[in-house]
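Q: Listed here are the chains, written in short residue letters.
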Amino acid sequence: MSQENTHRALSAEEVQALTAQGCTADDWSAVHVADPFETSRVRDVRFEGSVRVGSLAGTVTSASGLDRPCGIEEATLINCTIGDGVRIANVGSHIANYAIGNSACIEDVGVIQTNAGSMFGNGVEVEVLNEGGGREVSLFNEISSQFAHLLCMHRYRPKFIAKLEAIAKQAIDSAKSDTGTIGAGAKIAGVPRIIDVNIGEAATVWGASALVNGTILSSADAPTLIGDAVQAHDFIIGEASKVTQGAIVAKSFVGQGCQVGKQFSAEGSLFFANCEAFHGEACSIFAGPYTVTHHKSTLLIAGLFSFYNAGSGTNQSNHMYKLGPVHEGKMERGCKTGSFSYMMWPCRVGPFSVVLGKHTRTFDLSDFPFSHIEAAHDGRCMVVPGLNLSTVGTVRDGAKWPTRDRRKGSVKRDRLSFDVFSPLTVGRMINGSGRLKDLMDNTDKSVDTVTISGAQVKRVLLRGGIKYYRSGIHTYLLEKVVSRIEQAAEQGAGGLSKALAASSDAVYSEQWVDIGGQMMPRQRLEDLYAAVESGKIGDLTAFESALDSIHAAYTEDEWVWVRHAYKNVFGADLDAIQTADAASIADQLLADQSKFLNLILIDAGKEFSEATQTGFGQDGSDADRVADFLAVRGAFDGNKFIKQMKQAIEDLNTRIEKLKQTLAVCT
Amino acid sequence: MATVEERVKQVTGRLLKIDPASIKTGDNFGADLGAESIQSVELVASFEEEFGIEMDEDAALAVTTVGSAVEFITQVCNEQGVQI
Numbered sequence: 001m002s003q004e005n006t007h008r009a010l011s012a013e014e015v016q017a018l019t020a021q022g023c024t025a026d027d028w029s030a031v032h033v034a035d036p037f038e039t040s041r042v043r044d045v046r047f048e049g050s051v052r053v054g055s056l057a058g059t060v061t062s063a064s065g066l067d068r069p070c071g072i073e074e075a076t077l078i079n080c081t082i083g084d085g086v087r088i089a090n091v092g093s094h095i096a097n098y099a100i101g102n103s104a105c106i107e108d109v110g111v112i113q114t115n116a117g118s119m120f121g122n123g124v125e126v127e128v129l130n131e132g133g134g135r136e137v138s139l140f141n142e143i144s145s146q147f148a149h150l151l152c153m154h155r156y157r158p159k160f161i162a163k164l165e166a167i168a169k170q171a172i173d174s175a176k177s178d179t180g181t182i183g184a185g186a187k188i189a190g191v192p193r194i195i196d197v198n199i200g201e202a203a204t205v206w207g208a209s210a211l212v213n214g215t216i217l218s219s220a221d222a223p224t225l226i227g228d229a230v231q232a233h234d235f236i237i238g239e240a241s242k243v244t245q246g247a248i249v250a251k252s253f254v255g256q257g258c259q260v261g262k263q264f265s266a267e268g269s270l271f272f273a274n275c276e277a278f279h280g281e282a283c284s285i286f287a288g289p290y291t292v293t294h295h296k297s298t299l300l301i302a303g304l305f306s307f308y309n310a311g312s313g314t315n316q317s318n319h320m321y322k323l324g325p326v327h328e329g330k331m332e333r334g335c336k337t338g339s340f341s342y343m344m345w346p347c348r349v350g351p352f353s354v355v356l357g358k359h360t361r362t363f364d365l366s367d368f369p370f371s372h373i374e375a376a377h378d379g380r381c382m383v384v385p386g387l388n389l390s391t392v393g394t395v396r397d398g399a400k401w402p403t404r405d406r407r408k409g410s411v412k413r414d415r416l417s418f419d420v421f422s423p424l425t426v427g428r429m430i431n432g433s434g435r436l437k438d439l440m441d442n443t444d445k446s447v448d449t450v451t452i453s454g455a456q457v458k459r460v461l462l463r464g465g466i467k468y469y470r471s472g473i474h475t476y477l478l479e480k481v482v483s484r485i486e487q488a489a490e491q492g493a494g495g496l497s498k499a500l501a502a503s504s505d506a507v508y509s510e511q512w513v514d515i516g517g518q519m520m521p522r523q524r525l526e527d528l529y530a531a532v533e534s535g536k537i538g539d540l541t542a543f544e545s546a547l548d549s550i551h552a553a554y555t556e557d558e559w560v561w562v563r564h565a566y567k568n569v570f571g572a573d574l575d576a577i578q579t580a581d582a583a584s585i586a587d588q589l590l591a592d593q594s595k596f597l598n599l600i601l602i603d604a605g606k607e608f609s610e611a612t613q614t615g616f617g618q619d620g621s622d623a624d625r626v627a628d629f630l631a632v633r634g635a636f637d638g639n640k641f642i643k644q645m646k647q648a649i650e651d652l653n654t655r656i657e658k659l660k661q662t663l664a665v666c667t
Numbered sequence: 001m002a003t004v005e006e007r008v009k010q011v012t013g014r015l016l017k018i019d020p021a022s023i024k025t026g027d028n029f030g031a032d033l034g035a036e037s038i039q040s041v042e043l044v045a046s047f048e049e050e051f052g053i054e055m056d057e058d059a060a061l062a063v064t065t066v067g068s069a070v071e072f073i074t075q076v077c078n079e080q081g082v083q084i
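Taken in sequence, the protein lines are chains Z and W. Counting from 1, one number per residue, gives the positions in the first sequence under my numbering. Counting from 1, one number per residue, gives the positions in the second sequence under my numbering.
Since the hints were made in silico from the structure, they are not lab data. Worth double-checking, as some hints may not be accurate.
As the list claims (entries may be wrong) - With a cut-off of at most 20 Å between alpha-carbon atoms, the simulated SDA-like pairs for lysine to any residue come out as follows: (1) Z/K163 with Z/K536; (2) Z/K458 with W/E42; (3) Z/K595 with W/A59; (4) Z/K251 with Z/E142; (5) Z/K595 with W/D58.
All values derive from a computational prediction rather than experimental measurement.
Please construct the entire structure, taking both the sequences and the accompanying hints into account.
A: Dropping the structure here:
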């Protein structure tokens with residue numbers, strides 16, 4: 001934008017020329033321009049109040065991608081500052097109280113107006129999770145998944161919450177302004193109504209129906225798109241997101257890299273990094289990172305989700321026509337719900353579990369991650385603990401999330417821990433395994449099913465659950481230890497104890513927590529509480545910086561946890577490990593992980609079974625069915641994922657052999 | 001005492017709600033007897049309990065027919081010193 005002192009008043013000749021081209025002004029002395037200024041580029045413009053116009057030369061790219069001449073045509077501008085190289089054309093009503101950045105292009109709009117004291121969506125209170133209130137999150141531009149999670153979920157720490165609210169208020173207050181902004185390079189076209197909305201750099205707003213009281217965060221390296229027929233009220237939309245195709249967004253936050261469209265309706269909800277929401281509806285949900293709902297008839301309501309995939313027709317209820325919509329549900333990271341699954345809140349589903357059927361009973365399966373949870377005909381919850389641990393879908397999910405991070409800008413607000421196996425999930429497996437063993441040891445063999453936290457388990461499956469969890473626990477711990485041994489082997493003799501030692505800065509907690517997609521030891525959270533409550537952390541910058549530090553410490557904190565867990569599970573102290581022991585640990589990893597990968601292959605093999613071929617070979621013989629299946633789906637051995645799994649087993653063999661050879665040299 | 005085959009058919013019939021007498025050794029647990037994914041897991045657990053053995057999940061789930069289950073269980077029983 002032209003510097004303040006480069007603007008000048010119009011000359012009498014310029015006023016005369018502009019007037020001849022249909023321009024009018026309340027007071028021509030309140031209109032200032034920057035050079036080069038060509039009067040021929042300004043036609044049929046009404047100037048009201050103070051208007052500053054930047055240099056108008058050359059062309060600018062429009063929302064449709066065409067290069068159009070810079071200039072101002074058929075518009076009423078009220079108290080606006082307009083940058084260099086801007087095009088404004090065909091403004092039906094007016095643009096009032098805006099600072100418009102360089103190279104912005106605004107065409108065919110109705111009204112764009114900022115009212116005095118606008119907050120641009122900041123300070124909007126969203127009734128997350130509990131429609132009855134009590135977990136309100138006030139929006140502000142810089143809110144992260146972690147901040148929102150703590151503010152929403154940790155109400156049992158009132159002093160901490162009060163301090164967080166004070167921090168949020170600082171950020172909210174700083175957003176207040178009488179002037180809106182349209183950032184440099186922003187493109188706006190075909191929008192009837194934009195009221196009290198800040199639009200960031202390089203954003204494209206094309207064909208939206210109405211945008212009221214909000215902020216569209218956008219940057220040149222992470223441009224944001226608001227598309228056709230979008231209606232957004234009381235909102236903030238993050239960088240690199242796309243809100244398009246008739247989406248309705250009300251009292252909601254859409255974080256970075258999200259996609260909301262195809263008539264999706266979001267109300268009172270928060271969506272964080274890389275969420276996808278199409279066709280369905282969200283009401284009072286906390287959609288943590290990578291929450292995905294793609295299908296019609298899906299209502300997500302009053303729930304906490306992350307790394308979640310909703311099948312079509314997924315639905316929940318948050319009230320029973322008694323005291324109102326006061327129930328909430330928690331689906332921990334990595335869960336999936338099958339088509340037309342239903343849960344009557346409150347329920348709590350452990351990480352990476354699959355929910356099928358219509359559940360009308362309350363259950364809490366947080367200690368049983370990777371479970372298969374299915375409803376019986378009477379709505380009771382039947383669980384197969386750990387069954388989902390070695391399913392091909394879980395493995396594919398774990399691999400795909402990091403590659404699908406759409407946050408392209410330099411600022412990434414949400415901290416994401418992608419690991420499927422972590423102290424959080426493995427810790428839960430340890431807890432769950434213990435509970436299953438207690439049940440198995442104390443249940444008579446004549447009993448068919450046992451109850452566990454509101455769900456039922458077939459007694460014979462207790463044994464299977466323990467085995468699944470043991471496999472997951474062993475594989476994780478051994479993999480972590482062998483990775484460290486490999487580092488030590490590279491360093492030669494004497495490196496083993498150093499590689500297996502814990503960092504003095506690391507923090508240990510038996511329990512880990514998932515704070516809006518960021519995993520950390522419980523003690524780190526306790527320290528954060530204390531720092532905020534004492535005032536040591538008093539502003540948003542310090543708060544977010546503390547979370548960054550915790551995130552940076554993840555690997556070392558995880559390693560301390562692994563050391564403790566390894567001792568508890570295998571009864572061996574890693575400080576006492578010798579080179580010979582290291583070789584046998586490597587062998588154990590090879591055995592356990594090979595079995596684990598084989599289980600995944602068996603699960604993947606079901607996708608090629610005879611039953612899966614049902615429906616193939618239309619109008620043909622059995623041979624045609626097989627041929628059709630091969631033509632469409634391919635053979636088991638030719639499948640990309642199967643090849644990867646088989647390669648992983650080969651690589652593991654090679655890796656362990658190499659490690660053992662290196663260790664032999666070190667001995 | 002019932003043979004391994006008879007016991008395998010008894011367990012399978014009970015779990016899948018099929019008359020054990022109608023189960024053939026060549027029957028595929030999935031395609032012929034209709035065992036679903038979870039029932040396969042349940043079958044493995046039930047065989048373990050019936051015979052007092054512990055089977056490798058990956059090897060056990062790779063077994064597809066009643067006859068091969070009989071062979072596999074016999075082998076595991078022998079390896080684990082379980083009288084059959």
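Q: A separate judgement is required for each hint: does it hold in the structure or not?
A: Verification of the hints:
no., hint, verdict
1, Z/K163 with Z/K536, "holds (11 Å)"
2, Z/K458 with W/E42, "holds (9 Å)"
3, Z/K595 with W/A59, "holds (8 Å)"
4, Z/K251 with Z/E142, "holds (16 Å)"
5, Z/K595 with W/D58, "holds (6 Å)"
The structure meets every hint from the earlier list without exception.
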